[in-house]
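Colleague: As you go down the protein sequences, you meet chains A and B in turn.
Take 1 as the starting number for the first sequence in my numbering and just add one per residue.
Take 1001 as the starting number for the second sequence in my numbering and just add one per residue.
Quick caveat, the hints were computed from the structure, so don't treat them as lab data.
Beta carbons: idealized from backbone N, C-alpha and C, even for Gly.
Some hints could be false.
Unchecked claim - If the Cβ cut is set under 8 angstroms, some of the chain A residues that face chain B in the computed set are: (1) K41; (2) A44; (3) A45; (4) A47; (5) G49; (6) G50; (7) V53; (8) S54; (9) Q57; (10) S71; (11) A79; (12) R82; (13) G83; (14) S106.
What the hints assert, rightly or not - Derived lysine-lysine pairs resembling BS3-like cross-links, with alpha carbons at most 30 angstroms apart: (15) B/K1200 to B/K1276; (16) B/K1156 to B/K1246; (17) B/K1246 to B/K1053; (18) A/K41 to B/K1074; (19) B/K1074 to B/K1053; (20) A/K2 to B/K1074.
Said to hold, decoys possible - So these bits of chain A aren't anywhere near chain B, every CB distance computed over 12 angstroms: (21) A101; (22) G105; (23) S112.
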Amino acid sequence: MKIAVTAENNNGFESNVNPHFGRSPYFAIVDTEADEVELIKNEAARASGGAGVSAAQLISDRGVEVLISGSVGPKAYTALTRGNIEMYTTKDGTVQQAIEAFQEGSLSQLTSPNGTPRK
Amino acid sequence: MKSLKITVLSGKGGTGKTTVSVNMALSLPNIQLLDADVEEPNSQYFLHPNFDKEEQIFRKVPEIDQETCTACRKCVDFCEYNALAMMLDEVLVFPEICHSCGGCEKLCPVNAITEVDRVLGVLKHAETDYDVDFWQGELNIGEESSVPVIEGLKEKADNQKDVIIDAQPGTTCPTIEAVVDSDYGILVTEPTPFGLSDLKLASELMDELQIPHGVIINRAEEDSDYIIENFCAENNIDILLKIPFKREFAHLYSDGIPFVLEYPAWEKEFKAVFDKIRGVLNEKNYSN
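Only chain B is shown next, with the shape it has when bound in the complex:
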């Protein structure tokens, strides 16, 4: 059977992506978890990994040879991100806001610009106690673009294993980079108007990317689930699972304990979600 790559994402932050990713990973055999929420990777607080490997991620930023530079200012005027400035005939580089497009180097008429490596972030690996092969990406503080870290993280995907990717919230570049080549997207939401509003955005994104997707309602409550259920019914989106709003779950969360470890019956629920996803994808491939 072909291994699957599933990304867990959400429009809104704090809906439970990590809860779903970690508990699901712990419920499945031969699994790899990639924490791609690189601005604040928090799966680690539930898996308690002892990291055994680290790899730095670099990106290119310009370096100016002031001797060669003629202060023609072409590079400064070219840079759309204001990463270059000309002060008293000297070109200053602000590497944190450089988007590494390489344009300045190409257009410099006297070749005074070279691109040099800048450390952008780090990838960390751990074999966890729970049989989950775990990688996380970390973006260095002050850096603006996390995409290269997520690209590097995805290269660690083991095609002999099923892979779960915990994405950054939102619907911008880092989230897209995490999900873009996945087989399926799990959209985690909560039954509130905010949850619905951002679920719509996430669902539109998935349609745009043509990635099959379903919804998990976290902090589900009978009185309010209709907010999400109505939307999913209207748009033909599967609701894969509801995780109830329970004090015990919140308590375990605050102690850094994935709830499947205390309530093993939930392992079955997550396995069922995974099997359902596999079924949906098989059907899709069959019909294509």
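So here's chain A without its partners, still in its complex pose:
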């Protein structure tokens, strides 16, 4: 299974979690079977608008099934839902810790948008 975690920096499993989806600097794409992580730079982090939609497109194109982030805005939420990507929230820690918490079932699932769009 592929899981995307919003990341602050590019430091493998030790990257810090970023609390916002659309404008997160990096996305850590974790392949849980292979126990591998790939960090992708978010080119839309500074877009004037539509960063959330662009981010949703990016992780959907990578075949991600689960997103772990802090907050997800309304447009991104719609896109992710339509892409059958489940969303879970975490506040801080590393990508490794986020994945472990998800696997233990201790992260709560997002069932409505909890972020506000930024300009």
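Starting from the known structure of chain A, arrange chain B on it as the hints suggest.
Modeller: Quick look at chain B alone, frame taken from chain A:
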């Protein structure tokens, strides 16, 4: 005499565009006021209009025929504004962030995209108690581009009247759209470093657009007016008026009362500003 179209603008928000627009409109005969600050039109709080007419403003956004769509993704890759996304072979439209360029419809190889109307905002009209013919534009919440509302608002300009346009603050598209075909721009500022910094931007914009302009200093104070005066002197910009920083004016403002109604002597001041502008423009036309 040819009627004039004057836009009141400012780089910085909260400097007094509405104060100037409303008080000036109330000081002049045969006048029309267009509130083009469509994200937060607030002239209404001073004119207390009873709106008698409403017109919706539309823009075009794409609609996808999912039956015809082959999920080729050309439209999604084309859209610079991320208004389209492809999720599980289905194209999703996010109309709020669409800029209505129409490109996706044109390049769709199977004609699965049609452009449909979306309500973007509304224009409202009122005859006010004060003999001001008043229109305001309102942009719907969540919409990103106010320009079509301002375009629609400007079509309401009555060429038999002098027109004052209250613009949005800043120096971006909505402000430019409001001022671009005006005869003159009044730049409202305040004597602070922030006021000066944004006045510079507004003045550069007016130079770029080649629109004659002058400055009104609001909340003027003897000790600090030099901040603006020095800049205007260096750049040969007329200072048309100073509105003093007075508790009474602030009080009236907070009660929604234009100060010319309580201090009629100020009507003359605003009339003088208008006459000065007309004079400047006549001279300009004469010299051309």
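Colleague: Compare the structure with each hint and give your call.
Modeller: Cross-check of the supplied hints:
1. Given hint, A/K41 at the interface with chain B, is violated; its Cβ is 16 angstroms from that chain's nearest Cβ, farther than 8 angstroms.
2. The closest approach between the C-beta of A/A44 and any C-beta of chain B is roughly 7 angstroms, which is under the 8 angstroms cut-off, so the hint is satisfied.
3. Checking A/A45 against chain B: minimum C-beta separation of about 12 angstroms lies over 8 angstroms; hint violated.
4. For the restraint placing A/A47 at the interface with chain B, the shortest Cβ-Cβ distance is roughly 7 angstroms, inside the 8 angstroms limit, so the hint holds.
5. For A/G49, the suggested interface contact is upheld, since its CB lies about 5 angstroms from the closest CB of chain B, less than 8 angstroms.
6. Interface restraint check: A/G50 against chain B, minimum CB-CB distance 3 angstroms, threshold 8 angstroms, status holds.
7. The restraint placing A/V53 at the interface with chain B holds, with a minimum CB-CB distance near 4 angstroms, inside the 8 angstroms limit.
8. Because the smallest distance between the Cβ of A/S54 and any Cβ of chain B comes to about 4 angstroms, under 8 angstroms, the interface hint for this residue holds.
9. This hint holds: A/Q57 has a C-beta 5 angstroms from the nearest C-beta of chain B, less than the 8 angstroms allowed.
10. Checking A/S71 against chain B by beta carbon gives a least distance of about 18 angstroms; that is not within 8 angstroms, so the hint is violated.
11. This hint holds: A/A79 has a C-beta 5 angstroms from the nearest C-beta of chain B, less than the 8 angstroms allowed.
12. Below 8 angstroms, beta-carbon pairs count as interface contacts, and A/R82 has one with chain B at about 4 angstroms; its hint therefore holds.
13. For A/G83, the shortest C-beta to C-beta distance to chain B is roughly 4 angstroms, which falls under 8 angstroms, so the interface hint holds.
14. A cut of 8 angstroms between beta carbons decides the hint on A/S106: the least distance to chain B is about 28 angstroms, and the hint is violated.
15. As the CA atoms of B/K1200 and B/K1276 are separated by approximately 22 angstroms, the hinted pair is consistent with the 30 angstroms bound.
16. Distance restraint check for B/K1156 and B/K1246: the Cα-Cα separation of roughly 35 angstroms exceeds the 30 angstroms cut-off, and the hinted pair is therefore not satisfied.
17. Note on B/K1246 and B/K1053: the hinted pairing is violated, with a Cα-Cα distance of about 37 angstroms set against a maximum of 30 angstroms.
18. For the given pair, A/K41 sits about 23 angstroms from B/K1074 by alpha-carbon distance, which is consistent with the 30 angstroms threshold.
19. The suggested pairing of B/K1074 with B/K1053 is violated, with an alpha-carbon distance near 42 angstroms, which exceeds 30 angstroms.
20. Using a Cα cut-off of 30 angstroms, the hinted pair A/K2 and B/K1074 holds, with the two alpha carbons roughly 26 angstroms apart.
21. The claim that A/A101 is not at the interface with chain B holds, since no C-beta of that chain comes within 12 angstroms of its own (minimum 26 angstroms).
22. A/G105, annotated as away from the interface, keeps every beta carbon of chain B farther than 12 angstroms; the closest lies near 26 angstroms.
23. Every beta carbon of chain B lies more than 12 angstroms from that of A/S112, the smallest distance being close to 17 angstroms; the non-interface claim holds.
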